Amino acid sequence: MRVILEAKARKKPFLPVEAESIIPRNFLKGTDITVYEGNKERRLEDLFWIFVEGTAVTPEKIEVVLKGDTSRVKRIGEYMDAGKMTIAGDVGMHCGNFMSGGEIEIFGNADAWLGREMRGGYILCHGNAGHYCASGYRGEKTGMRGGRVEVLGNAGDYCAEYLTGGEVHIHGSCGDMAGVEMKGGQFIIEGDATRPCGNMKDGTCMIFGTVHQMLPTFERTGIQELPDRKVKMTVYKGDIANRGKGVMMVKETVRPDE
Amino acid sequence: MTELLIKNACVFDPLNGIRGDIMDIAIRDGRIVDSVRDGSEVIDASGFLTLPGGIDSHSHVCGTKVNFGRYMSPEDMRAGRTARRGKMHVTSGYYVPTTYGNSYRYSTMGYTTVLEGAMAPLEARHTHEEFNATPHQDMLANTLFDGNWSIMEAVHAKDVKRAAAIVAWTLSSVRGFAIKLTNPGGTEAWGWGEDLTSIRDPVPNFNVTPAEIISTMISANELLHLPHSVHLHCNNLGKPGNYATTLETFGLVPDLNNNRQTLYATHVQFHAYGGSTWRDICSKADEITKSVNARPQIVMDMGQIMFGRTMTMTADGPMEFNLYCLHHNKWSNHDVELETGSGIIPVLYSKKSLVNCVMWAIGLELALLTKNPYQCLLATDNPNGAPFVKYPEIIGLLMSKRYRDEECSTLNNGFEQRTSISSLDREMDWNEIAIITRAGQARALGLAAEGKGHLAPGAEADLAIYPIRCDDVDPATEYRNVVEGFQKTRFTIKRGRVVARDGDVIVEGANATFWVNPTVPDEHNVANDPEFVKKFEEYYTVRMGNYPVQDVYLPRGRCIKTEADL
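Taken in order, these protein sequences are the chains called A and B. Take 0 as the starting number for the first sequence in numbering that gives the first Met the number 0 and just add one per residue. Take 0 as the starting number for the second sequence in numbering that gives the first Met the number 0 and just add one per residue.
Only chain A is shown next, with the shape it has when bound in the complex (with noise of 0.2 Å):
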């Protein structure tokens, strides 16, 4: 089954939606779903044009096709557990938050706290990320679990901040702090990244850009090649300062005083 939504023109489009109800499980019993525009409560047809092909009969078999300007559509795909969702455009904040489960493929851009705390699935962006890809929540210890969160363009900052688990692969570059609180699972930068990795404690991280301003609390520990890529990597042990057990892998760095 598809359901395809397509976002009507809005008066005030600058009035996010909060749309955590946009699942494909909720499409099971039909599309009577409501949704938050600013502190008004509208049905999903207020909102969208819709159009459905076919029949489900579990969310698995369901794809969730968003088209129009999305970009203020906040919280699509929360809790989402099966099936597919594809954002033709933009997408707002805080896409795929807990995810467990299916997939989001976004063309567009993705606003920030993409993927946030997510539990496992797959969320592919083609564009670029905001502040807080992959990373948990204000004061919360522990960040996304599992999973697997790839970006084509480039990440913000604090991208894989406190991540405990699963993939990130940030095919661009990251902004300042990328990786930091890091306690588990594997975070791989294409690009570049500026002080990455601050009090980590325990899993790896690849950069196969260049790292500015690198940490001083990280420990060196030898040079490793990557067979499958051909390249040479210095690893690091840290942070240090937190005691921490953590793998970084650098291609090349850029000290402050340099």
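It cannot be assumed that every hint is accurate.
Here are the computed distance ranges between Cβ atoms for each label pair [as the list claims (entries may be wrong)]:
1. A:Gly67 <-> B:Gly307: 43 to 49 Å
2. A:Ala8 <-> B:Val89: 27 to 33 Å
3. A:Ala8 <-> B:Arg83: 29 to 35 Å
DSS-like, lysine-lysine: derived pairs with alpha carbons at most 30 Å apart [claimed, not checked]:
4. B:Lys86 <-> A:Lys140
5. A:Lys140 <-> B:Lys238
6. B:Lys86 <-> A:Lys200
7. A:Lys39 <-> B:Lys86
8. B:Lys289 <-> B:Lys238
9. A:Lys140 <-> B:Lys289
10. A:Lys182 <-> B:Lys329
11. A:Lys200 <-> A:Lys244
12. B:Lys289 <-> A:Lys200
13. A:Lys182 <-> B:Lys86
What the hints contain is simulated information worked out from the structure, not anything from laboratory work. All values reported here derive from a predicted model rather than from experimental measurement. Glycine included, every Cβ here is placed at the ideal spot set by N, Cα and C.
Please arrange chain B on chain A, whose structure you already have, making use of the hints.
Here is chain B on its own, set in the frame of chain A:
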């Protein structure tokens, strides 16, 4: 003139010796009266358990340190969210909720008066502002004097009258209610890099011991005739083997007052540990209660812990630092100039932890081994031991041996050898529960004279009607009904107005703040004392003229005046 008649109430009013009588209660203009005219509004209590409004004699709900707990735990604001409904504001939070969250939850549990356990005098304004935003409870503020430089100098000079005069000026300036000593001397010593390990260690620079501070403040308190006694958080909180310090402290206390205790020892559970390390920690509740049973001049509260996540916050900075060294989680520490300090860390009390299980058992042992229920009151040191929403469960545990046994069977195996909880058969009755949740508090805080905690004509019409039929429910076996009943009142009545019904708060609150103003002869007024004024000019960041809290902060202040014997 508003009148209200409550019919068919099953009343327990320990201070007036009423035990489960079915009676009518008449209310006029917020006070209990003998009778009201026909045609006044009637509430049918239909035989439900009716008690005076609950009083929490030690809770941390307002003030800078509570608010810093909120800053530190944004994740807590994800819990306990309720939307705006009727007269109710939005609330959020579980262990450090918003002020309205605190107020509504207390109110739906039938609590109408709450004492804030520790207010730093310098930060009184913030506390009073939050009191105003906790509108369904009358509030009182314990005022911290544990590390007050002027007080310690007076103690060193063995000048009780001067100490009393400083207390009088400070309490009336900051609109405080009672003297609170938190780890007396210890926080100040820690500020100088020292740690006090007993009540006989001298505080650096001041050369006074905690024992001297406690004794002097007890005498000063009685000189001022304050309604409440000294409210003490003993030294060495949370250290294995600290029961010896607690017993030594209790030994310092003379019996000076016929109407109430001379010392209120708070959260004694945290002060009743035997052993020498966390590995061999055990309960010394029997020794502590033996001492309390022999000393009518002491009242304590349980400081019960309940399993789950919470936040510990206290003016005992060094203790929080020690905890931080164990947990390596978030920590904050704060110094309040010449007065005190504070520390905050989050904790998780776990059933898997032997230490936590022992702590859990000690609190219950204290309540069950104390013979006179007026001497061991129910409190969790909210939120340090557990958020106050756990009170109904504690009531259930105290009323049912079976409930305790069931809980014990889910705990870490080792703890039963270290405590005597499984051998205690006592089950509290309704009257004792009424004592440890309101009558005892009213007497200990000296509020019975202000019309709190009892239902005699003239008393304030604060009532809680719980959906429990005392005759039909056997608390020993049907403890689930008891716990549920105490969680949500049928009606909570505050000053003659129904404020909460079936778990919903239905009106805007209008609480009062009680504070004391001891009248001191002019020659003892420290505001005219050049040495005291000099201290302000030299050390405080605030000018003395700006220090007192203005009346505008207490729109509904209720001043209790006392005459000092100086």
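#### Entry: A:Gly67 versus B:Gly307 beta-carbon gap, inside 43 to 49 Å or not
45 Å, holds
### Message
Between the alpha carbons of A:Lys182 and B:Lys86, is the straight-line distance 30 Å or under?
### Response
44 Å, violated
#### Entry: Restraint status (C-alpha distance of A:Lys182 to B:Lys329 at most 30 Å)
16 Å, holds
### Given pair status - B:Lys238, A:Lys140, alpha carbons within 30 Å
27 Å, holds
#### Entry: Distance restraint evaluation - A:Ala8, B:Arg83, Cβ atoms, bounds 29 to 35 Å
31 Å, holds
### Pairwise hint evaluation, A:Lys200 against B:Lys289, where the allowed Cα distance is 30 Å at most
48 Å, violated
### Pairwise hint evaluation, A:Lys200 against B:Lys86, where the allowed Cα distance is 30 Å at most
47 Å, violated
### Task
Sort out whether B:Lys238 lies within 30 Å of B:Lys289, counting only the CA atoms.
20 Å, holds
### Query
Taking 30 Å as the top limit, are the C-alpha atoms of A:Lys39 and B:Lys86 close enough?
19 Å, holds
### Query
So the hint says 27 to 33 Å: do the beta-carbon atoms of A:Ala8 and B:Val89 match that?
At roughly 32 Å between Cβ atoms, B:Val89 and A:Ala8 fall inside 27 to 33 Å, so the hint holds.
### Hint consistency between A:Lys140 and B:Lys289 [alpha-carbon to alpha-carbon, up to 30 Å]
43 Å, violated
### Query
Keeping to a limit of 30 Å between CA atoms, is the pair of A:Lys200 and A:Lys244 held or broken?
6 Å, holds
The structure is inconsistent with the numbered hints 4, 6, 9, 12 and 13, although it conforms to all the rest.
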